[in-house]
Amino acid sequence: MANIIISYRRSDSAAIAGRVRDGLAQYYGADAIFIDIDNIPFGIDYRRRIQEAVAKNDILLALIGPKIRVTAIAPNPLQPLGGAFGPGR
Numbered sequence: 001m002a003n004i005i006i007s008y009r010r011s012d013s014a015a016i017a018g019r020v021r022d023g024l025a026q027y028y029g030a031d032a033i034f035i036d037i038d039n040i041p042f043g044i045d046y047r048r049r050i051q052e053a054v055a056k057n058d059i060l061l062a063l064i065g066p067k068i069r070v071t072a073i074a075p076n077p078l079q080p081l082g083g084a085f086g087p088g089r
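43 is the number that the working numbering gives to position 43 of the sequence shown; each next residue is one higher, with no gaps.
Hint data in this document are derived by calculation from the structure and do not stem from the laboratory. Hints should not be assumed to be uniformly reliable.
Stated by the list, open to error - Okay, the calculated beta carbon distance ranges per label pair:
1) ASP45 to GLY23: 26 to 32 Å
2) ARG49 to GLY29: 19 to 25 Å
3) SER11 to ASP58: 24 to 30 Å
4) ALA25 to ALA62: 17 to 23 Å
5) ARG47 to GLN26: 25 to 31 Å
6) ILE59 to ILE37: 26 to 32 Å
7) ILE64 to GLY43: 24 to 30 Å
8) ARG10 to ARG48: 17 to 23 Å
Think of the CB as a built atom: it goes at the ideal place given N, C-alpha and C, for glycine as much as any other residue.
Modelling step: build the complete structure from the supplied sequences, incorporating the hints.
As structure tokens, then:
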């Protein structure tokens with residue numbers, strides 16, 4: 001079974017992320033899909049939980065919407081995906 005994590009920005013990709021999740025869940029099963037809205041309970045350190053999920057999953061699907069851009073505040077908007085490309089990945 002594939003383990004898939006869906007990475008997206010809520011500000012511009014939340015709706016499509018939900019649709020992608022639903023489609024993948026129909027094929028692979030809901031337990032095979034990690035998406036923050038379903039898999040991170042309130043009060044949990046979400047950065048740590050996402051890092052753990054990235055390390056355990058086989059596939060990372062990054063949805064990049066039209067509003068992603070490089071700014072002085074976020075010089076690397078894809079930084080949260082960094083763990084997906086570490087050693088052994």
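Handout entry: ARG48 and ARG10 - C-beta distance against the hinted 17 to 23 Å
Key = Distance hint for ARG10, ARG48 holds at roughly 19 Å.
Handout entry: Distance restraint evaluation - ALA25, ALA62, Cβ atoms, bounds 17 to 23 Å
Key = holds (18 Å)
Practice task
Go ahead and decide if the range 26 to 32 Å is satisfied by the Cβ distance of ILE59 to ILE37.
Solution key: violated (18 Å)
Practice task
For SER11 and ASP58, compare the CB-CB distance with the range 24 to 30 Å and indicate the outcome.
Solution key: For ASP58 against SER11, whose Cβ atoms are near 27 Å apart, the range 24 to 30 Å holds.
Practice task
Could you tell me whether the CB distance from ARG47 to GLN26 stays inside 25 to 31 Å?
Solution key: holds (29 Å)
Handout entry: Hint check for GLY23 and ASP45 - Cβ pair distance inside 26 to 32 Å
Key = The hinted range 26 to 32 Å holds for ASP45 and GLY23, with Cβ atoms some 29 Å apart.
Exercise for the section: Can you let me know if the beta-carbon spacing of ILE64 and GLY43 is within 24 to 30 Å? Expected result: Between ILE64 and GLY43, where Cβ atoms are some 29 Å apart, the hint holds.
Exercise for the section: With 19 to 25 Å as the target window, see if ARG49 and GLY29 comply at their CB atoms. Expected result: Since ARG49 and GLY29 have Cβ atoms about 20 Å apart, the given range 19 to 25 Å holds.
Taken one by one, the earlier hints fail for this structure only at number 6.
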